[in-house]
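As a plain string of letters, each chain reads:
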Amino acid sequence: MVDNSVVVEMRNISIEFPGVKALDGVDLTLRAGEIHSLLGENGAGKSTLIKALTGVYAIDGGTINVAGATRTFHGTADAQDAGVAPVYQEINLLPNLSVGENVMLGHEVRGKFGINWKATHEKARTYLKELGLDVDPRSLLASHSIAVQQLVAISRAVVIDCRLLVLDEPTSSLDRSEVDQLFAVMRRLRGRNVAILFVSHFLDQVYEISDTMTILRNGKLEGEYPINALNKKQLIEKMLGRELAELDSISRAATRKIDRTGEPILKVLALGRKGAIEPVDLDVFDGEVLGLAGLLGSGRTELARIIYGADHADHGAIQVRGEHVRFAKPRQAIDHRIAFSSEDRRAEGAIADLTVAENIVLGVQAKRGWIRRVGSAQQDQLIAQYMESLGIRPNNPNALLSTLSGGNQQKVLLARWLATAPQLLILDEPTRGIDVGAKAEIQRLVVDLAESGIGVIFISSELDEVMRLAQRIVVLRDHRKIGELKNSAKTGVDDIVAMIAKEGAA
Amino acid sequence: MNAKTTAPLTAATSAAPASWRRAVVNHPSWFPVVASALLLILLFAGAQVKFGSFVTPGVLSSLFVDNAYLIILACGMTLVIITGGIDLSVGAVMAFSGIIAANLLQNGVNPTLVIPLMLINGALFGLMIGVLVQYFNVQPFIASLAGMFLARGLAHVFAPRQIAVNNAAVLSLNNHKFRFGDWYFTGTVIIALVIVLITAWLLARTRLGRTVYAIGGSESSAKLMGLPVARTKVLVYVISGTCAGIAGLVFTAYASSGYSLHGVGTELDTIAAVVIGGTLLTGGSGYIFGSLLGVLVYGVIKTVINFAGADQAWTRISVGVLLLAFVVVQRAIVARASRR
Amino acid sequence: MTSWLKNLMKKRIMWPVGALVVLILVNVLYRPSFLKITVLDGRFYGSLMDILRNSAPLMLVSLGMCLVIATRGIDLSVGSQMAISGAVALTIISHSPTPNSLATVLGAIGVGVLITLLFGIWNGFLVALLGIQPIIATLVLWLAGRGIALLITGGFITTINSAPYKTIAQGNVLGFPVEFLIGLAAIIVVVLLVRRTALGVLTEAIGINPAASRLAGVRSRGIIWSLYGLSGLLAGVAGILYSSNIMAADSNAAGNGIELDAILAVVLGGTSLAGGKFTLGGTVVGVFIIQTLASTVTFLGVPSANVSVFKAAVVIVVVVSQAPMVRNWFGRQFRSSKTASPTATPVAMERTAA
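Chains as they are written, first to last, in this note's numbering: chain A, 62 to 567; chain B, 46 to 385; chain C, 14 to 367.
The hints are simulated quantities; they were obtained by calculation from the structure and are not laboratory data.
Keep in mind that this is a model prediction, so the values were computed, not measured.
The beta-carbon is built from N, C-alpha and C at its ideal position, and this holds for glycine as well.
Keep in mind that the hints are not guaranteed to be accurate.
[Said to hold, decoys possible] Derived lysine-lysine pairs resembling DSS-like cross-links, with alpha carbons at most 30 Å apart:
#1 Lys-82(A) <-> Lys-281(A)
#2 Lys-328(A) <-> Lys-551(A)
#3 Lys-290(C) <-> Lys-268(B)
#4 Lys-268(B) <-> Lys-179(A)
#5 Lys-268(B) <-> Lys-82(A)
#6 Lys-268(B) <-> Lys-184(A)
#7 Lys-190(A) <-> Lys-268(B)
#8 Lys-268(B) <-> Lys-173(A)
#9 Lys-82(A) <-> Lys-299(A)
#10 Lys-173(A) <-> Lys-190(A)
#11 Lys-290(C) <-> Lys-428(A)
#12 Lys-318(A) <-> Lys-547(A)
#13 Lys-290(C) <-> Lys-390(A)
#14 Lys-293(A) <-> Lys-551(A)
[Said to hold, decoys possible] Computed Cβ-Cβ distance ranges for the label pairs, DEER-style:
#15 Leu-38(C) <-> Val-366(B): 49 to 55 Å
#16 Tyr-43(C) <-> Asp-142(A): 56 to 62 Å
#17 Lys-49(C) <-> His-135(A): 53 to 59 Å
#18 Gly-168(C) <-> Ile-378(B): 34 to 40 Å
#19 Gly-120(C) <-> Gly-377(A): 54 to 60 Å
#20 Gly-336(A) <-> Gly-120(C): 53 to 59 Å
#21 Asp-142(A) <-> Gln-357(B): 54 to 60 Å
#22 Gly-168(C) <-> Asn-220(B): 26 to 32 Å
#23 Leu-143(C) <-> Gln-93(B): 30 to 36 Å
Isolated chain A, as found in the complex:
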């Protein structure tokens, strides 16, 4: 009994940030009883569109119609009143309160003496049960896994009787069985005539669950299609546009010969940490790019952080050029000329309010300690050298880092590390969230660095990228190393996918 009436219609939406047009005349139509996927590369405008839909951002142009009436959202409360319920990627619940309260907050059952907790928790329990979630509503939210928290957030949306459920990357930290449970819940809600907007970078999941898709590219609408109208290859082309060709221009460095007869730069023996990554062996040789492949949450970032000493290993050993070492903190790794660029550029890389110059010199300066300041002449030389060789724009060392684009910020952070003359560079998602041109530049840089003799551990969720750059690839799944393959002209993305899929079936 699906009526397919239009729940929310966004027409010609434009949003501008200082200097950037984040959305330019985008349409989005969401119907009752339909799961609608919103697709696009990083920076295509997905998050901005969702924030406009949920009232976080005000729109600069266009209209939003809810059930036929034009609405202006002055804040999230307005959107919620209109029946739009968001579940964000980073779960926006309150870890310090109980599960039941998180579900019912603002809608508690009230009695003579204020909130009736017993009835409130009972009601929460029934809502949770409806979604097939058997948790004690009195338990603390923080004591549950991300997956449970996600479902709690959806239960909350059901409580406020939403007409449109917005799910922004809900599956990024879930394992397969958890995804299945989420999908079951989504189907149940679809059966109840709820419109669902689903955003995910897992294309298989998009095909598995959705009915319709809208594709964005560079802040513009690419089109709306029924799910069966495009196959995966066509979809990717629509998402990437001309960009695919540009990326392919990078020579396939993967087949380069590496001399593995000597002592490796880094040798990791059964290195692991409970709950993060099971014991892993790997080694990296001079001039080699070692790829770490695996889905988000497979343990690749965790492994990198342990190697670098950002997190403590509780198992295993590390050798640098044959010498046994223990890294309790990043500085010890740095002292062995190992550098690590975090996947979370904003939180763990960029010092936004310092200048480009200060950010570049920071690594060298930190290594020397605060007393011996890097001399002005040496600073100028370092800054000029790296701004030139990495093509950092704008070419102004005194600009604040925060004013640079994502790609240029990433280059500054690379410059910070290169200035310390590392022998091993660990790059965790160095191309995430930056435009395609900068992406190609950074990939080329990785190739150049490796050819100059530096060892690189390269982590990326884009398998194409890993295949293009790495000579050997370690494949991870469910916090385990499930295999290692030598890259050659014959190997392709499918081999890795097959490896991960095969393990998954077992």
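Add chains B and C to chain A, keeping to what the hints say.
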């Protein structure tokens, strides 16, 4: 934040724990309150052993009478701290309210008019701080610091010298003792306990109270959940200011005077008591009952040092050491929890 | 408006400097002698000299506070530390058989300052190593410190007679008050320490983004730790100045409330309490604003205790003028162009891109 465990989708605590263990897992925020209660009992026991007759109705009664104003301030402060804020103005607002009262009473104004004026005065200071915090993005520390300077200065402008209060009705709040055998309590104690009950009810059983916890847990989440964050944030400062106004009344009755230097440093005493009572300064966790215990711990230490005839300097030192012990333990608990 | 003036207006430090200039103008208007400096017996006298001299203790404390705040911290214990160093130094001198010997005085000062340095390191230990919130970690010593000072002096106000000690606050060198010169020396030493080494930029990095700084290999703990130590040391010297002024160790009054004045000076100077970027120059100006304000108010015949009303007014004006809401409003008044998306900020932008 959250440990990325792949726990089964049913409750993470599905190992069927004993009910007391479940209580601990589900309510870790009560743990410091229990610790505070144990400490209080320990203090009483220790003092009893040392002095022979410490835990007597007389001592216990005076504990409440002497600290009634601090209990009231702590109630308001608890709300503010749970939202993740802080209110440094309470001591000064208390003194200023006292000055206004003493001034007006001296001029023969009826207490039934004076008392509401004290409360309104406190509420206005709270409103000013709340508006600065919420609408002008001023850090609570600075906004309430401004409130403190303003209240202290105005108090001094109004009355550079101590003003005696002779109004019988106001004085009787503290002087008239309701006796039950050796126990006694005063009007000020009743006021304090009523405030405790009201604020505890507010926190536990109203949407306002739950929004207070929500803001402390994550302000952005609370906003995204559609809770009235702005209104609530202003309101907690208004409540804290009103509590300071009420404390002004109680303190005026207690000191039988108004003076611009009354309660200097009380704001930090209050914060110390609230923290000893188990409220996290980072917000999101804490109880009025805990703050009451915190004030009592503070009071008992003062009394013990009096009993021992030691220098009052020891009060501050021991409260400082206690505060330290509490935050170190809290820190250890938080660190352990995040490691799991 | 010419472009250099526009650039000048953009600098944060212009606001406090402007406020100070306005204050001085008000003074000049009401008492023309304000700027006058007379020379008598080879010494400089005048209201300005008084302000310079009296600002020294607050200057010392504020410099330390500024650096601590830059690390996202705060040091509430500075007032108590002042009481401790004064109590220690004066107790030593008063028990010494030779209170007038330079060696005794220097030794006493050394011990007093050393002890506050240790207390500062203690604060740093709580913050940097145990990870306790700075406001609470230093509240401990705020509470206990004055008690410790009272115990040292045995609960009394210790007074002394010592010529060398008296010189600190009341002597002159080259016509300038020694106290002022000590404050000046502290400014120079701290600025050199921070800007000639990499301490400043590393401190800012820690304050802006602690996680990124750690991953970049910055020794955050050591730096935070030493800055609390420095704050303690400076507070110790300030305590010596205070006790030398009154030639007594008054553990209750010494540095009472100075922590709040120091925080005020730092914030007035344009350093955010949220940490990160700091300006020592701004802090110095902030100290002078507070001191000039106090002098003005006293001159106007208002009792000094009422100064806090004016302080409150200044704080409110400054913080409100810095509030995003007010800035946007002014921006709209002076710009006819269409405003950017009202809720979108560059930070939000970055988040969408990620």
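Outcome of the hint check:
1. Lys-82(A) <-> Lys-281(A): holds (10 Å)
2. Lys-328(A) <-> Lys-551(A): holds (27 Å)
3. Lys-290(C) <-> Lys-268(B): Between Lys-290(C) and Lys-268(B) the Cα gap is close to 29 Å, so the pair holds against 30 Å.
4. Lys-268(B) <-> Lys-179(A): holds (26 Å)
5. Lys-268(B) <-> Lys-82(A): OK: Lys-268(B) and Lys-82(A) at ~26 Å, within 30 Å.
6. Lys-268(B) <-> Lys-184(A): holds (23 Å)
7. Lys-190(A) <-> Lys-268(B): This hinted pair holds, its Cα atoms lying about 26 Å apart.
8. Lys-268(B) <-> Lys-173(A): Status holds; Cα separation ~28 Å.
9. Lys-82(A) <-> Lys-299(A): holds (20 Å)
10. Lys-173(A) <-> Lys-190(A): holds (27 Å)
11. Lys-290(C) <-> Lys-428(A): The hint holds at about 21 Å.
12. Lys-318(A) <-> Lys-547(A): holds (11 Å)
13. Lys-290(C) <-> Lys-390(A): OK: Lys-290(C) and Lys-390(A) at ~26 Å, within 30 Å.
14. Lys-293(A) <-> Lys-551(A): holds (22 Å)
15. Leu-38(C) <-> Val-366(B): 49 to 55 Å: holds (50 Å)
16. Tyr-43(C) <-> Asp-142(A): 56 to 62 Å: Given range 56 to 62 Å: holds, Cβ gap about 57 Å.
17. Lys-49(C) <-> His-135(A): 53 to 59 Å: holds (58 Å)
18. Gly-168(C) <-> Ile-378(B): 34 to 40 Å: Holds, at about 37 Å.
19. Gly-120(C) <-> Gly-377(A): 54 to 60 Å: holds (55 Å)
20. Gly-336(A) <-> Gly-120(C): 53 to 59 Å: holds (57 Å)
21. Asp-142(A) <-> Gln-357(B): 54 to 60 Å: holds (57 Å)
22. Gly-168(C) <-> Asn-220(B): 26 to 32 Å: holds (31 Å)
23. Leu-143(C) <-> Gln-93(B): 30 to 36 Å: holds (33 Å)
Hint violations for this structure: none, all hints satisfied.
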